Amino acid sequence: MTRFINGRTTVLAGHGFDDATGPYLLVNDVDAREQHRFAVRGRTFSLRRLPRRRCVGRFDLATYEKSCCPLNVELLPDAKETMCPACIEATGFNPSFYYADFVSPKQRAYNLTPHFAYLAYFSPQHVKAGISSETRGIERLLEQGARAARIVGRFSCADEARELEAALCAQPGILETMRASLKTLACGGALRPRRGRARFGRAGGGACRGSRGGADGVRPRAGSGSLAALFRRAVARLPRPAGA
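For the sequence shown, the numbering used here begins at 1 and goes up steadily by one.
Source of the hints: derived by calculation from the structure; they are not laboratory data.
Keep in mind that this is a model prediction, so the values were computed, not measured.
Note that CB positions come from ideal geometry on N, CA and C, so glycine has one too.
Be careful, since some hints might not be right.
No more than 25 Å apart at the CA atoms, straight line, and that leaves these computed lysine-lysine pairs for BS3-like [unchecked claim]: (1) 183 <-> 106; (2) 106 <-> 80; (3) 80 <-> 66.
The following label-pair restraints were derived from C-beta to C-beta distances [to be verified]: (4) 81 <-> 134: 37 to 45 Å; (5) 32 <-> 170: 43 to 51 Å; (6) 179 <-> 88: 33 to 41 Å; (7) 136 <-> 184: 20 to 28 Å; (8) 34 <-> 182: 28 to 36 Å.
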């Protein structure tokens, strides 16, 4: 917790990318219970981590709006979660829903929105696969902090997109998760465009679209490069509907 805006007590609640202003920090005004976007492009500032931590707030899956924690809960210094139990329950979102025993009604509805699968390139050794709802546009790709990213498949729901994500992550060299510290380390070196295109860029030749009935009809377009080959192997692993 620090004093960041007009001398008020504020909490760093997250980050994102806006089409108009570019990257930003999401800052909660604890006293006024308001959230502000602090655009960082072209600005000089410093952040210092202090021992006290507070809940970063909640997210409404229906309206796609974030808000401050109404209870202003202080978290334990070593807490793994960044949200208090009340905000976790109110949000009802689990990014690893495919491993969960219970999925909230809010997330079930959210998962039924069209989703896409993507690849994010950080370095020749660090390529991450993921999924995102079409309702977010390309915000998820931008906030990854990757050197480059592209959509490799569009689907009618999260479950179908997850099938491709899982198949991609089963291939050598494709990661399912990356810590922020690893992303920073991977992006620390100089970008080599030729190597990046060979490792990542031509994988776009494997873009695909899933049918509403499942993975049937998913076909990679002709492509070359190591990631394109991984993509073709991943698509081959996707389950086919009975009788297909």
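Exercise for the section: Assess, step by step, whether the Cα of residue 183 is no farther than 25 Å from the Cα of residue 106, and give holds or violated. Expected result: 30 Å, violated
Practice task
Decide if the proposed pair is consistent with the structure: residue 106 and residue 80, CA atoms, cutoff 25 Å inclusive.
Solution key: Between residue 106 and residue 80 the Cα gap is close to 23 Å, so the pair holds against 25 Å.
Handout entry: Verdict for residue 179, residue 88 (Cβ pair) under range 33 to 41 Å
Key = At 21 Å between Cβs, range violated.
Practice task
Return holds or violated for the Cβ distance of residue 34 and residue 182 against the range 28 to 36 Å.
Solution key: For residue 182 against residue 34, whose Cβ atoms are near 33 Å apart, the range 28 to 36 Å holds.
Handout entry: Distance restraint between residue 80 and residue 66, which requires alpha-carbon spacing of 25 Å or less
Key = Within the cut-off at roughly 20 Å; holds.
Exercise for the section: Could you see if the CB distance from residue 81 to residue 134 stays within 37 to 45 Å? Expected result: 28 Å, violated
Practice task
Could you tell me whether the CB distance from residue 32 to residue 170 stays inside 43 to 51 Å?
Solution key: Cβ of residue 32 to Cβ of residue 170: about 47 Å, so the range 43 to 51 Å holds.
Exercise for the section: For residue 136 and residue 184, compare the CB-CB distance with the range 20 to 28 Å and indicate the outcome. Expected result: Between residue 136 and residue 184, where Cβ atoms are some 23 Å apart, the hint holds.
The structure fails to meet hints 1, 4 and 6 from the earlier list, while all remaining hints are met.
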